[in-house]
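Trainee: Work out the full structure: start from the sequences and follow the hints.
Order-wise, the sequence lines are chains A and B.
Going by the working numbering, the final residue of the first sequence carries number 279, and the count climbs one at a time with no gaps.
Going by the working numbering, the final residue of the second sequence carries number 1125, and the count climbs one at a time with no gaps.
Here are the simulated lysine-lysine pairs, DSSO-like style, with alpha carbons at most 30 angstroms apart:
no.	chain 1	residue 1	chain 2	residue 2
1	A	K87	B	K1007
2	A	K87	A	K36
3	A	K36	B	K1007
4	A	K143	A	K87
5	A	K143	B	K1007
6	A	K143	A	K36
7	B	K1007	A	K13
8	A	K36	A	K13
Think of the hints as simulated: they come from the structure by calculation, not from any bench.
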Amino acid sequence: MIVDRSDEVARLKWPRRFPVPRNLGVAAHSRIADGKSWPAPEGAVRIATLRVYRFDPEGAAGPRLDTFRVDLDDCGPMLLDALIWIKNRIDPTLTFRRSCREGVCGSCSMTIDGTNWTACTRAMTDLAEPATVYPLANLPVIKDLVPDQSHLFAQYEMIEPWLHAETLAPERERLQSPEQRAALDGYYECILCFCCTSGCPSHWWNGDRFLGPATLLQAWRWLADSRDEARGARLDTLEDPFRLYRCHTILNCTRTCPRGLNPGRAIAEIKKMMIERQG
Amino acid sequence: MPRPRPKSPNMQNYRPQLTSVLSFGHRLSGVALSLGAFGLAGWLAAGASGPEAFGAAQALLLSTFGRAVLFLITLALFYHLCNGIRHLVWDNVRGFELREIYLGGWAVVGASLILTLAFWAWGLA
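Mentor: Now the structure itself:
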């Protein structure tokens, strides 16, 4: 009932999804059919069932949900291990992004049991039975669990995520006090996995113009940087009914961040700075 | 020409959480209160136009259906009020730890239920 940390898995069995029709507002080519069901491997004792979203861009069919049965005694402890096990042992066409396998690269973020998380840091023992594995929510799907994040990175580019300084460069580093450096804690750690933006209902409905929690957290990371000299211009970019103010403090972002960061608080800091600028 | 990419599901697949459910509730209760304001204006207009119209309006409001609607509107009012206070706290960049978000959320649910029941107990007494 009370959640202390974002890595806590929801304990309530119900409700697993909103009471809306499966295909509410879903375009015909995005509707999900029932796919193939693979049998459990012979001799397997501990079995986990995964219902995995599949889409083959080269075929003619739309998306489908395949059912895989994983031998837990034959694979590693995390969901990413299970996906790699499936690719090696059952279906080599299963496609997903992965790199670091320790939660610092943000490649394997996906919608697991209805919430966004990185597959490499979600233990198989924390999954529902059967568990669902979808590509990151609300994005165009390139293949299987690989979504197209071009729009999200274009939004990130818009806030110009680099240091702006007009003053002449000093001979050595631009110095910060320990306190000034501490102002970036909790924000610089973002790995751009976009779990938060993909889980934000405001971004679902207005993602074309609302920047979303990941990009706004990054915007605050530069607004909070004592070395940055473009605060006014940065705030001007964000001062917009959609770019910043479509955030209605729903806080799905803070609930789902695999790094335990707080995009909700970062956005509130921006809104407060916007008010203080008006004096 | 490649065929269009499907879009991965959002609301159809994403898990309801206290965060999103209470936010949707805030929006829905706000809409309900706006509609309720029309009802209030209609009730006042009926009262201004004479005893016959006022009697009809009273009969509608005091029917089982009317009472059910009034109950839901008071629930919407107290929920919107309590959750509005939560938003005021957030506007001061306070209460953003997950534990605070969940404690505050459940407190709003409890407080709006208790206030609604207390209001009706007081009104019917």
